[in-house]
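Engineer: Given next are the chains, with one letter for each unit.
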Amino acid sequence: MQTTKKASLILDDGSVFPGKSFGYEKPVAGEVVFNTAMMGYPESLTDPSYSGQILVTTYPLIGNYGVPRREEENGLSRFYESEKIHVEALVISDYSFEYSHWNADKSLADWLKEEKIVGIYDIDTRELTKRLREHGSMKGKIVFEEGEDIDFIDPNLTNLVAKVSCKEVIRYGNGSKKVVLVDCGVKHNIIRCLLKRDVTVIRVPWDYDFNTLEFDGLFISNGPGDPDMCGITVEHIRQAMKSGKPIFGICMGNQLLSKAGGARTYKLKYGHRSHNQPVRQVGTNKCFITSQNHGFAVDNSTLGNDWEPLFINMNDGTNEGIRHKSKPYFSAQFHPEAASGPTDTEFLFDEFVNML
Amino acid sequence: MNQAEIKEIKKVLLLGSGALKIGEAGEFDYSGSQALKALKEEGIETILINPNIATVQTSEGVADKIYFLPVTPYFVERVIQKENPDGILLAFGGQTALNCGVQLYQAGTLEKYNVQVLGTPVQAIMDTEDRELFVRKLDEIDVKTIKSEAVNSIEDAAKAAAELGYPVIIRAAYALGGLGSGFCDNEEELRVKAEKALSFSPQILVEKSLKGWKEIEYEVVRDRYDNCITVCNMENFDPLGIHTGESIVVAPSQTLTNSEYHKLRELAIRIIRHIGIVGKCNVQYAFDPKWEAYRVIEVNARLSRSSALASKATGYPLAFVAAKLGLGYGLFDLKNSVTKETSAFFEPALDYIVCKIPRWDLGKFQGVDRELGSSMKSVGEVMAIGRTFEEAIQKGLRMIGQGMHGFVENKDLVIPDIDKALHEPTDKRIFVISKAMRAGYTVDQIHDLTKIDCWFLQKLMNIVRTAQELENYDAARLEADKDTGRELMRRAKIQGFSDFQIARALWKEKMEDCHMHWVRQYRKSLGIVPVVKQIDTLAAEYPAQTNYLYLTYSGIANDVKYLGDKKSIVVLGSGAYRIGSSVEFDWCGVQALNTIRKEGYRSVMINYNPETVSTDYDMCDRLYFDELTFERVMDIIELENPHGVILSTGGQIPNNLATRLDEQHVHILGTTAQSIDNAEDRHKFSSMLDSLGIDQPRWRELTSLSDIYDFVKEVGYPVLVRPSYVLSGAAMNVCSNNTELEQFLQLAANVSKKHPVVVSEFIQHAKEIEMDAVARNGEVLIYAISEHIEFAGVHSGDATIQFPPQKLYVETMRRIKKVAGQIAQALNISGPFNIQFLAKNNDIKVIECNLRASRSFPFVSKVLKINFIELATKVMMGLPVEKPGKNEFDLDYVGIKASQFSFSRLQKADPVLGVDMASTGEVGCIGLDSSEAVLKAMLSVGYQIPQKNILLSTGSAKQKADMLEAAQLLHEKGYNLFATGGTHQFLTDNGIPAVKVYWPSESDREPQALEMLHNKQIDLVVNIPKNLTQKELDNGYKIRRAAIDFNIPLITNARLASAFIQAFCSLNIDDIQIKSWDEYR
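Those protein sequences? They're chains D and S, same order as listed.
Just so you know, the working numbering puts 29 at position 29 of the first sequence, and the rest follows in order with no gaps.
Just so you know, the working numbering puts 10264 at position 264 of the second sequence, and the rest follows in order with no gaps.
Extracted from the complex, chain D is given alone in its bound form:
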């Protein structure tokens, strides 16, 4: 058994969860959120939407299959969702010090250490999750035995989108249709899903005025934090709507499109982060299992007259997507690109590309 340093997760309600370190050792702070997915930790850790967050996995056994090697294909990471780990820290119950998989390159612990990311295990993640569920997402910090302390941080007060968005315009592929992708913290699988469908992707920074570009369709990506931080992006989207070109948004994209259409967003108590969120397409008997990762949601009641909900969460009735009543604008709060998660809704990319 490895010798490990003791480390504790402290929540801002004062509760302390003592555990042991298996990653990098430095004090960290962030918003503590939980995800109930049972696999896909390499994808989750590199999902930019987790920026600023301490991620708790409710599934206890983590690290089983190690992590894949770093490989690029068409300028995109092959097995990961971005260039680096975005979570502030990972909190789990049972870490697999040894791993086994044909595609594994190294252990999760080695990867965390390389990227200087904190990981702790031996935590009662169920008890922790219950507390987060009851209080709502909380600020938290991880401190090490005999190590220095750190202040709590509320990452939602900073512009996380600005932090994770690309800094310059990047082009991908050579497809027959051009799609501008507003990068609020895009997951690579979104780009892969577009490229597969004969699309040229022009990835632009979150605040870039893409209306100056020539394109057939607009895509607004997922991203971390509070959508209210992206007023400028919303402005650009409003501008783009004048042209009537197809618009598709995912996650943060759903929130920004809604805001561009006049709706308001609010923070959910503890968000949706899992692979098993049921959504129903409004007015139909069609239901889908979706992958989700969001802490804010669109307020259905504030949608303007030209808009209607496209999907509704079957568990709590929250908004899961919107569409314009007459124009080719639609978005999903969940992740049709999955990675990680179920692939039931990938057809939405087909619908978008067909509109172009």
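Everything labelled a hint here was simulated from the structure, so no lab data went into it.
On a predicted model such as this, the values are computed, not experimentally measured, just so you know.
For every residue, glycine included, the Cβ atom is placed at its ideal position computed from N, Cα and C.
Keep in mind that a hint or two might mislead.
[What the hints assert, rightly or not] The list that follows gives simulated cross-link-like pairs (lysine-lysine, DSS-like), each with its CA atoms no further than 25 Å apart:
#	chain 1	residue 1	chain 2	residue 2
1	D	Lys130	S	Lys10561
2	S	Lys10065	S	Lys10010
3	S	Lys10524	D	Lys20
[Said to hold, decoys possible] Derived contacts from chain D toward chain S, CB cut-off under 8 Å, selection only:
#	residue
4	Thr36
5	Met39
6	Tyr59
7	Asn64
8	Tyr65
9	Tyr99
10	Asp124
11	Lys130
12	Ser274
13	Arg280
14	Gly283
15	Thr343
Following the hints, complete the assembly by docking chain S onto the known chain D.
Structural biologist: Relative to the frame of chain D, chain S by itself:
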């Protein structure tokens, strides 16, 4: 179907699965019960056909009408004629119900009576059942299946292999026993082997070899609106090649990445949509451990063992939901039955791991092949829940109840060749791995030999490491160094070590029971105690008032609050199904839970068998899906602080805990632990009988061979020998002479002061009689006396039982009643009990007494229509009860309980019955007289009324004489009789014509009995060994085995054969009355 049609469904017929057998066991009681509940909720009238009288689904109030009849097209059609149902459900009774349904459909019966198949259409079922249709169907959607190509030349073989991709396996077509088959890694090897194979057969089959691939399974649900979910996936610990029923299985999968998991999930959904299932199916995959390649092994378009496991593993009630979908609901119409608020259209998120482990009973069978392979041999299973793999598997290894304490710290296994034992897995495989790790094998070495994924082996190695670390300590050092102690104890507990294992690691061979208590006290003083967690389907994302619980050491807080109001009662379940303890104890447990609830107490169940109804969280107020060890039961009792504990409805496992729980001052309801001990302890019980003047077969506990001979001189052969310390699998045996006695004792036990054997006189040609009863403070309130059709010598679990008895003297009955009364009083019994008697003339002897419910409680309760367990539970709770005014003499009908054997699954096992139990299940049927009930029961366990040819070899002179009347009847009925030497002579002497056939040992003579069996010229085999000597058994073995292997009904007992022959000669099948249970009044 459309909504309007569905609304017209007012009456539905559900087919059950009949007797429990290997491959089709308790899981179908669970799924059927759930389906019936779903229908009931809709106000639909339900009709159930299931001859398995011991099940929960055949209890009062579960279905509106119950027919204890064979699940065969003939009887189902007659029930349809009578009941005229609108719809039928085929997916809830295993393969039995599915096959029967397909036959009814193909014969046009369902159409004729306008019965709508609810749920998955029959065509979809046929698409999955027929290999060729199945492959074609999946080809249509580009899903890969396991295919074999038939070729006639080496060139074609090479071409086929190149297409399939190496490695391939080649087999000679039409060759038995795998002659000419082999693996080929490249073309060179293929050419050599193909040539050889072609020398055996003109055609060879080339198939992709999937040796060492992983086996992964998905449970998929679809509604008629095409909405799909996968409820759960599961990964086999053992690689492909070992039947999934024989494999350790975990859920969810542990070694799949996100992309692998979802690739298979997406395929599963594509498949269910294309086949058009409405309800659920499971998809089994072979999955390449080196690349994302897969093959679909099979699709089951019905509820299955896996779906019961998946339901228990996730809390998602698959059968209940499938039944609702069959009625036309969409998944979006239904609620998650755990949260009651969120939708049933979702996929459970687990925050624990479950581990299923099969339970084998191969030791009970003579000559059986112990190697695990592509056919199932296990008779039951357990499911363990934990928050580490180590915890789950160690719990599970204790749960299987074969004397093991977990993965380590067990009694040492003797394994002559570890490499071979790793490479050729048997039922002991997991313990061979443990032994190999101790012997210094690395994970990689074991992986190479077993092909088990390294991840599982690494985790097992963690357990070994912790054990070794503990072994380096002793109690004194741990006392002194509490920091190390705390760390080590915590880690051991998180890895699922029991207090016993820790004690054994610390004290090694010097360990005693008190050391276990030391460990318990020590770790409690360090604050190391388990916590209780809920299974809530959503990993705590939503609040859930779920009562489905397990214990773990990976945690700091309980999910539930304890009231400490002493208003709960804990019922201990019966554990894994095994030979000798199965669904009947589940029924007993469920009845106890129901009674407790009805009487205003909270019912608490502890059990871990995923096949049962008692582990359905709807059945009680709190379900602890956890171990029935002393340690765990005490953990739970300390948390629950219940009013009391019921031990007597769960068979022997809870009974064995009585004394130890009593020592801890646990309030045991009903008969005291002292009395239980007085009945269980052979010496105490025997002297009690002596002092009461009650006769018993002579017996003695002996420690040397010469003492045994002295005793044999006194009582004479045959004798029954039970080793008290069993080394081999054989628990007991009948010995007929000195040679056999010596042989058996050498095999089974070393007789010594420390390991005495119990030898008892074995009384032949005696009747065996059972008494099931309930007493209060020593006074018998209700009893049921039943008689065995077979003479004593056939285990009571294998015997055919008749209730009420039809051939007992009134005097015998009176004596039995009196003796039972005396025993009840002497032991001051309060609750259920069972006594077994031998009777010869009017002399009765007591063989055994159990102060708990017995196997026959559901049978006698349902035939007599008095719920013995309900009564017993009230007695144990101290509630006033009235003595029922009815008894067996009032019945105008007869019940027959017949046994189901699974010999066809147990290659090479001798299908002969003896003192050790061999049956895997039973049925109970009711008729207006013995013959009708016997006929229904025998047809229910798979016998058929023979067409024309019957083969007889009827054993000893006395047995031959016993069978004479039956042979005469057969002759009069126009049957052709074939008989081996002695029997032929006897029949001819008595004027019954028969054709003489020859034993396999007389191979030069014609006609050969074996050949006639091979050619299917025989419709029934009656083969009765003269006695249980090895020589006699060997003689008939080939004939008996051939009968099993060629699926020809076989009877090995003269009295049962006579009863069956009597029945089908006096009754035609059309004479059988189609009456539901409630019509017998």
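Engineer: Decide, hint by hint, whether the structure agrees.
Structural biologist: Status of each hint after checking the structure:
no. : hint                       : in the structure
1   : D/Lys130 with S/Lys10561   : holds, 14 Å
2   : S/Lys10065 with S/Lys10010 : holds, 14 Å
3   : S/Lys10524 with D/Lys20    : holds, 22 Å
4   : Thr36                      : holds, 4 Å
5   : Met39                      : holds, 5 Å
6   : Tyr59                      : holds, 6 Å
7   : Asn64                      : holds, 5 Å
8   : Tyr65                      : holds, 5 Å
9   : Tyr99                      : holds, 7 Å
10  : Asp124                     : holds, 4 Å
11  : Lys130                     : holds, 5 Å
12  : Ser274                     : holds, 6 Å
13  : Arg280                     : holds, 6 Å
14  : Gly283                     : violated, 13 Å
15  : Thr343                     : holds, 5 Å
Hint compliance for this structure: hint 14 alone is broken.
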